[in-house]
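S.K.: Could you build the full structure based on these sequences and the hints that come with them?
There are 2 protein chains.
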Amino acid sequence: MNKEEYFLEKYIKPCTEVSELFPQEIGDDCAVIRSSSDLLVSTDSSIEGVHFPANLNPYYIAYRSIAIAASDILAMGSYPDGYLLSISHPQPSDEWFNDFSKGILEFNKTHDTKLVGGDLSKGELNICVTVFGRAMQNIIKRSDAKENDNIYISNKLGLGAAGHKSFLKDNLSMPNQYMKPQLISKEVIFELNTFINSAIDVSDGLLLDLKRICKLSGKGAELLVSKKLIFNDYEDLIAGDDYVLLFTANDNNDEQITALLPQSKMIGKITKEKKLQVNDLDGKEINFDTFGWDSFKT
Amino acid sequence: MNKEEYFLEKYIKPCTEVSELFPQEIGDDCAVIRSSSDLLVSTDSSIEGVHFPANLNPYYIAYRSIAIAASDILAMGSYPDGYLLSISHPQPSDEWFNDFSKGILEFNKTHDTKLVGGDLSKGELNICVTVFGRAMQNIIKRSDAKENDNIYISNKLGLGAAGHKSFLKDNLSMPNQYMKPQLISKEVIFELNTFINSAIDVSDGLLLDLKRICKLSGKGAELLVSKKLIFNDYEDLIAGDDYVLLFTANDNNDEQITALLPQSKMIGKITKEKKLQVNDLDGKEINFDTFGWDSFKT
Numbered sequence: 153m154n155k156e157e158y159f160l161e162k163y164i165k166p167c168t169e170v171s172e173l174f175p176q177e178i179g180d181d182c183a184v185i186r187s188s189s190d191l192l193v194s195t196d197s198s199i200e201g202v203h204f205p206a207n208l209n210p211y212y213i214a215y216r217s218i219a220i221a222a223s224d225i226l227a228m229g230s231y232p233d234g235y236l237l238s239i240s241h242p243q244p245s246d247e248w249f250n251d252f253s254k255g256i257l258e259f260n261k262t263h264d265t266k267l268v269g270g271d272l273s274k275g276e277l278n279i280c281v282t283v284f285g286r287a288m289q290n291i292i293k294r295s296d297a298k299e300n301d302n303i304y305i306s307n308k309l310g311l312g313a314a315g316h317k318s319f320l321k322d323n324l325s326m327p328n329q330y331m332k333p334q335l336i337s338k339e340v341i342f343e344l345n346t347f348i349n350s351a352i353d354v355s356d357g358l359l360l361d362l363k364r365i366c367k368l369s370g371k372g373a374e375l376l377v378s379k380k381l382i383f384n385d386y387e388d389l390i391a392g393d394d395y396v397l398l399f400t401a402n403d404n405n406d407e408q409i410t411a412l413l414p415q416s417k418m419i420g421k422i423t424k425e426k427k428l429q430v431n432d433l434d435g436k437e438i439n440f441d442t443f444g445w446d447s448f449k450t
Numbered sequence: 153m154n155k156e157e158y159f160l161e162k163y164i165k166p167c168t169e170v171s172e173l174f175p176q177e178i179g180d181d182c183a184v185i186r187s188s189s190d191l192l193v194s195t196d197s198s199i200e201g202v203h204f205p206a207n208l209n210p211y212y213i214a215y216r217s218i219a220i221a222a223s224d225i226l227a228m229g230s231y232p233d234g235y236l237l238s239i240s241h242p243q244p245s246d247e248w249f250n251d252f253s254k255g256i257l258e259f260n261k262t263h264d265t266k267l268v269g270g271d272l273s274k275g276e277l278n279i280c281v282t283v284f285g286r287a288m289q290n291i292i293k294r295s296d297a298k299e300n301d302n303i304y305i306s307n308k309l310g311l312g313a314a315g316h317k318s319f320l321k322d323n324l325s326m327p328n329q330y331m332k333p334q335l336i337s338k339e340v341i342f343e344l345n346t347f348i349n350s351a352i353d354v355s356d357g358l359l360l361d362l363k364r365i366c367k368l369s370g371k372g373a374e375l376l377v378s379k380k381l382i383f384n385d386y387e388d389l390i391a392g393d394d395y396v397l398l399f400t401a402n403d404n405n406d407e408q409i410t411a412l413l414p415q416s417k418m419i420g421k422i423t424k425e426k427k428l429q430v431n432d433l434d435g436k437e438i439n440f441d442t443f444g445w446d447s448f449k450t
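Chains C and G are the protein sequences, given in the same order. Take any residue in the first sequence, note its place counting from 1, add 152, and you have its number in the numbering used here. Take any residue in the second sequence, note its place counting from 1, add 152, and you have its number in the numbering used here.
Don't take each hint at face value.
Because identical chains share one entry, a pair is satisfied inside a single copy or across any pair of copies.
[Unchecked claim] Simulated pairs of lysine-lysine, DSSO-like, Cα-Cα distance not exceeding 30 Å: (1) 321 to 427; (2) 162 to 363; (3) 155 to 332; (4) 338 to 363; (5) 308 to 321; (6) 367 to 165; (7) 426 to 155; (8) 162 to 298; (9) 162 to 254; (10) 436 to 321; (11) 155 to 367; (12) 308 to 165; (13) 165 to 427; (14) 380 to 417; (15) 298 to 155; (16) 363 to 308.
Think of the hints as simulated: they come from the structure by calculation, not from any bench.
M.R.: Quick look at the structure:
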């Protein structure tokens, strides 16, 4: 048995489980998905030194990498049913895989999600996650924001960035939103799906991600930023790493949305004019040199 | 627009195309698969310095990485319909992406396959490919080899290793099986699917991959190795990188298999005894210290 097989057999296989949707046991060339619905699929790589710090415990590396990828399924109004892992590691050990597999199991238990396959190669630490979710009633796109839609975020901004800073400062062992991003539950997204027009997850910063919705919808936006929306300061609007859901909906649905997501905040309106304007509560425009995160920025 | 968006928009988007099976345009959080069949899915990372040399032209990096992943779908008796790319690159340039995108287009044209989504991050050069294929009549597993099955390879062994050596020696610009692996066509796999019992692709060396079939099927194998099966020497049996198909089938189907795959070779028999025995044409047993490739072996 070579090293790849040893680690996959000992640590990854016990994290998998066959089900009606994923009927094939791990260990063959492919996984099988038995679905009669449309499938949403997305792939995301989390890389040491770029997306997470080198000293992050492998438990959180696993949980965070899977959560970040899964967040893309929520951003299209559905829920992650399962995922594949392609792990690159320079020198895997039993200790590393033991912690990493605990993070997988914790994610699966919390989200009722299955790991359905994976591989392991030698390389810089890179966790490439491909996630699958059956489409719910509507497939929610970035491009379907309507003029006059309310703009919402599912939770306040800046918890990711604050969590990152705390981790770097104190090398925390307690989880926070950076180390262990919380996602919307299956029950909530199932209901929310019918009330919203467009959505994206805030991975690269609110302003950058809102610009993406505006661009694809051919619209603009006016934001009204209050201290209740942000954890720390205005920098939270461009900080990213929050993995909250940014979505737009007709004002008629406001009551249902607030009932479903009590933590959510209405932060502005979609406009006909293709411009992104950000005002503080005094109506004063806030300007930004940059709109969000870029992994290539030096 | 940040660098990720710039390169994806300029070079990756033109390689994509909506279709009935993949109806969602690239640029949202997820791709959509509209399939009523079971889906086969597999993920594979190709890493610079591990799976391909640093000076390989990006055209071949693309073609080879996608082909290697696609080979896993063929190994379960189906055909790659589409794939996602998660690209990590330390310092992407227009020149690199220009060549890389030509490799994507060439693969798609040759295999009638669609690129349906992708992302780009900063990191060591790592091409993570997740590939999808609709299941054909049978899902061919590693675990279904039967006693007395003939064992076949779809083409002779060693062309990958020989191609690798030639490339390293002469920095070839002409393609070979290492740089541009040839795969079985859709028409052939569609027919072959009904004649075979088990299969795997020879990625890590014939003996190692045959052992995997034997282990999961609870069987053994006797191989009879002739010079016609190998390109160079017996080392080709453990060299890997060939991406030929290794499969087993009832002897009754031999004629149809040979007609479908004239290059294929019958190389032995599946046995009840759980042992892998390799003989040369004089009946002399050949012994190996190792059975195949391991990316962690130093």
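S.K.: Checking each numbered hint in turn, tell me which of them this model violates, lowest number first.
M.R.: 1, 10, 12
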